[in-house]
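Chemist: As a plain string of letters, each chain reads:
Number of protein chains: 2
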Amino acid sequence: MVSYTFYAKALRLFQAYPSLSKILIVSTVGGGSLLAFSDDCRPFLRVFTDGGQQPESKKKKVVVLGTGWAATSFLKYLKSESYEVQVVSPRNYFAFTPLLPSVTNGTVEARSIVEPIRNILSKRPYQIDFKEAECFKIDASNKTLHCRSAQVTNLGGKEEFTVDYDILIIAVGAQVNTFNTPGVSEYAHFLKEVEDAQKLRNTLVDCFERANLPSVSDEERKRILHFVVVGGGPVGVEFAAELHDVVVQDIAKLYPSVNNLAKITLLEAGDHILNMYDKRITKFAETKFQRDGIDLKTGSMVTKLSAKDVSTKDRATGECGSIPYGLVVWSTGIAPRPVILDFMKQIGQGSRRVLATDEWLRVEGCDSVYALGDCATINQRKAMEDILAIFGQVKKDDTNFLNKQEFRKVIGDITERYPQVQLYLKKSKVKNMVALLDKYEGEIDIEKFKEALSQVDSQMKNLPATAQVAAQQGEYLAKCFNRMEKCEQNPEGPRRFRTTGHHRFHPFRYKHFGQFAPLGGEQTAAQLPGDWVSIGHSTQWLWYSIYASKLVSWRTRMLVVSDWFRRFTFGRDTSRI
Amino acid sequence: MVSYTFYAKALRLFQAYPSLSKILIVSTVGGGSLLAFSDDCRPFLRVFTDGGQQPESKKKKVVVLGTGWAATSFLKYLKSESYEVQVVSPRNYFAFTPLLPSVTNGTVEARSIVEPIRNILSKRPYQIDFKEAECFKIDASNKTLHCRSAQVTNLGGKEEFTVDYDILIIAVGAQVNTFNTPGVSEYAHFLKEVEDAQKLRNTLVDCFERANLPSVSDEERKRILHFVVVGGGPVGVEFAAELHDVVVQDIAKLYPSVNNLAKITLLEAGDHILNMYDKRITKFAETKFQRDGIDLKTGSMVTKLSAKDVSTKDRATGECGSIPYGLVVWSTGIAPRPVILDFMKQIGQGSRRVLATDEWLRVEGCDSVYALGDCATINQRKAMEDILAIFGQVKKDDTNFLNKQEFRKVIGDITERYPQVQLYLKKSKVKNMVALLDKYEGEIDIEKFKEALSQVDSQMKNLPATAQVAAQQGEYLAKCFNRMEKCEQNPEGPRRFRTTGHHRFHPFRYKHFGQFAPLGGEQTAAQLPGDWVSIGHSTQWLWYSIYASKLVSWRTRMLVVSDWFRRFTFGRDTSRI
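So the protein sequences, as listed, match chains A and B.
Numbering follows the UniProt record's numbering, in which position 374 of the first sequence is assigned residue number 374; successive positions increment by one, without gaps.
Numbering follows the UniProt record's numbering, in which position 292 of the second sequence is assigned residue number 292; successive positions increment by one, without gaps.
For the record, the hints were derived by calculation from the structure and aren't laboratory data.
Watch out, some of these pointers could steer you wrong.
Which copy is meant is left open, so a pair is good if it fits within one copy or across any two.
To be verified - Simulated pairs of lysine-lysine, DSSO-like, Cα-Cα distance not exceeding 27 Å:
1. Lys-426 to Lys-461
2. Lys-158 to Lys-308
3. Lys-253 to Lys-79
4. Lys-199 to Lys-158
5. Lys-404 to Lys-192
6. Lys-123 to Lys-461
7. Lys-192 to Lys-382
8. Lys-382 to Lys-448
9. Lys-61 to Lys-253
10. Lys-158 to Lys-263
It should be emphasised that the depicted structure is a prediction, and the values quoted were computed from it without experimental measurement.
The following block holds chain A by itself, in its conformation from the complex (with noise of 0.2 Å):
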């Protein structure tokens, strides 16, 4: 590619008298001022860097492994350029996963939401490497990844490589459960990924078109429109609801002759659908879904899958049924994914189910290694495990009775530490710690200490696996990152109990903006924090204006609410491509 640009014409200039480069050397070392012309320089400026006429760089080395939520809020609140920053993932792109389940039903398209990874990065003030490839091995003991590209063309072999960090921050995200359920790897759609959005899409025109061949018996027929949804969550829910739509708006008009023959089911093993939601919401939901002619089957476990039957046991009875299938999509929760729990057996977490770090998102039992979103989970300190250790702070000096003055200076240091107190308080309608110990009469030894905080930590929870937990963890981390010097020397955090000091940080904690179960015919459901409830066409409309001022970029909000405008206007598109 020949491009007559001043910086071309500069390179030629150079190669013909070396000893100019080093003038320019000087000049973008020196004041940086060349770097202000911006990306076509870049090009440039790197025959000379990668010549090792600079001096080394001293920067830590950062690799994010992982383009999801976590990873990209992380790369987009990181400021500081003390960092070189290296991302591997074998997406190239981030994708706005909420609205997966409306790219299945074509309401909105695959690449409407999805931002290249390579524009979020070279929106950032400094360099970051991109590396399209799948980190399979951590090693973490010589701080190294092994990592392959996972295209499969006839470009070459498998490339294999590995990478060296100083510091790793483990954002691969989960992959679908089973649950070893035989069959469903082989026959179910999921939901996890653009590709199986795109899929699952393709094979819903596939069975309409089907459906209308002629040579395909009434009762094949009845087979082939038989959906059937496994898992009463909210992408589950949200899929049969969308679905219904597609059929009852779309399907209707263009496939007249076998519309009527459509039937959508929907198997929960619990008792409810959406039962991490507000009971009002779950009724609202069922009835809706009944009203619309979805059968609803709780209690209903999936025993296994063949290419044309689901078989199931009900809970209750123990009855087992087999229902004849067209199309099975699998929305049951997450599990890790296999380079994860390989690496949890390396550093002792092998008889964990899922990757645990601190509150401060470090791997436990791993130096210098960080991981966040759907890939761990946050073990969440008892307040029971360091009771001795935070009386042993707050009592009076040689004696074995609460100072309640001091006591009173760490209250918040504790209720940061163990935030579980908060809850418990607010649980039990207990106005603060102090009024906690006020029931004991005189003075509070460890005993009564131990007795009045026994209970708290019953209010532990884990966080749910969702695109929130994971954009907060994100920016958590990146900010810590941003001010890692500075709080080396002034840490904020609340006090070391068992040793002396404060932690460098504040521990990382979760803020709830509420959550949305769009239950389609235009209507939704948000279950807003403190427990507020809003269900009908007017959240429908909160749930496109809040998730249209959330997409990552300009690009892909224009996309997407010009999706929004085109279904309204011409109805989906049903072609297979």
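With chain A fixed as given, assemble chain B onto it according to the hints.
Modeler: Chain B alone, transformed into the frame defined by chain A:
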């Protein structure tokens, strides 16, 4: 799906009181008033019509094979309700193929250029049935089509069925011509179908991502980023030009470290690219490509493709060469599909290269079968074949000399039946047919008449295989079908010279509205009727506006225009999905 509409309720009412249904049928058949309720009532009416209580349809069964330019244009213009129309095609959508090169580079999205065929059909005033299947055998003697579902899913086996027809319209298009070059079908990319463009787009991104991996050697990197286009026709040239734009405008920013390694080579077996265009356009394009750094190798034939190398042979010197490549795009012309080759054998056209029709688009040697678009060519009748018959009709009674008065009367018929006459007159700069005979002295006998017309057939030309021709043929044929009964009685075509009377219809006549060749960098060349040539930025805007206006629906129009807008504002999308 339960939908509590008026019709569902009515249906239940009729199921309870069957006698009522007769009233409904009477009202339907009598006034058709219920039909005015449109779409919603169709599945309901079907309940009764399927029962066979309605009188058997006497309509002729027209089967259309294909959903491309010719078929869609035919369906769009067909207004007569005296046919029962069925469409069979493996693609359930129409694709606006001239924008395919834009899809490969992400300038336009694949979904923006397709329109579901069912959307198009649902807007027709009468019901048209669509089957998503591929016709793999045409049995002309039994008037039966053997079809098979093209789906590769786990929905069931390969569905096969037959479709009977009274009138068959073949518009299946063509396939890529590999000229049996070894390795082409395995390793090359094509630009024929939407899937090709999508695959090509992902492979392009793959190339850049892979070249960016640390384990790839510099030499390998150069190979991976070498893009070879085979064929210097308008599609190959447009693809090469757009690819150059992508590299300069987008890749430079997003992949700064490998950008300067990318190289494009265009191989053309002839002496010039764009050889069907005006010489000025060819020259402009060749100069622009040279300036852009696109390596243009004319006179170079491809003899073999291996996984990583293109083998070439210089047409002049016979010298053989080998070019390492990362991506090859093969765009060298078209060949008939296997189903057409088989059909040609059946009807005695086995020795021909392409299916032949007469000027009314009727397949030669076959009853009630029409072929249009890329799958057939019009076998223009030679004037010399009919020269005796023509002369017989215009000679003086009882003599062997031309009656000039009679001759004048049939000149219109002759030039309509043999359009090459007109072209010959224009080329020879002769005013009209009478003037052609003026150079002979005395009375004109058959020998002089023959001599005067002996050169006209040299002006016969096959029509190009373009969307423009296919669309005009579809429109022409639909308009013939619309006026079938009327023209049976009052034929409007030219005089039949060999027998008596007139042909039913005017023969098909192609109107050339010009042709575009986008050359990248917001520049386009256009060859307009009357040897007008226009090249440059303003022509690019002409291209934008004509393509936008020609798009098949308001939906695709909106989508493509917003894609262009998006590309101008945000650049192209390089996500690999």
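Chemist: Hint by hint, note whether the structure agrees.
Modeler: For each hint, the structure was consulted:
1. Lys-426 to Lys-461: So Lys-426 and Lys-461 pass the 27 Å test inside one copy only (15 Å; across, 89 Å).
2. Lys-158 to Lys-308: between (35 Å within a copy, 15 Å between copies)
3. Lys-253 to Lys-79: Result: close only across copies, 21 Å inter versus 52 Å intra.
4. Lys-199 to Lys-158: For Lys-199 and Lys-158, both the intra-copy (25 Å) and inter-copy (19 Å) Cα distances are at most 27 Å.
5. Lys-404 to Lys-192: neither (52 Å within a copy, 82 Å between copies)
6. Lys-123 to Lys-461: Neither way: Lys-123 and Lys-461 sit 37 Å apart in one copy and 56 Å across, limit 27 Å.
7. Lys-192 to Lys-382: neither (33 Å within a copy, 64 Å between copies)
8. Lys-382 to Lys-448: Only inside one copy: Lys-382 and Lys-448 sit 18 Å apart there, 113 Å across copies, limit 27 Å.
9. Lys-61 to Lys-253: between (57 Å within a copy, 23 Å between copies)
10. Lys-158 to Lys-263: between (44 Å within a copy, 23 Å between copies)
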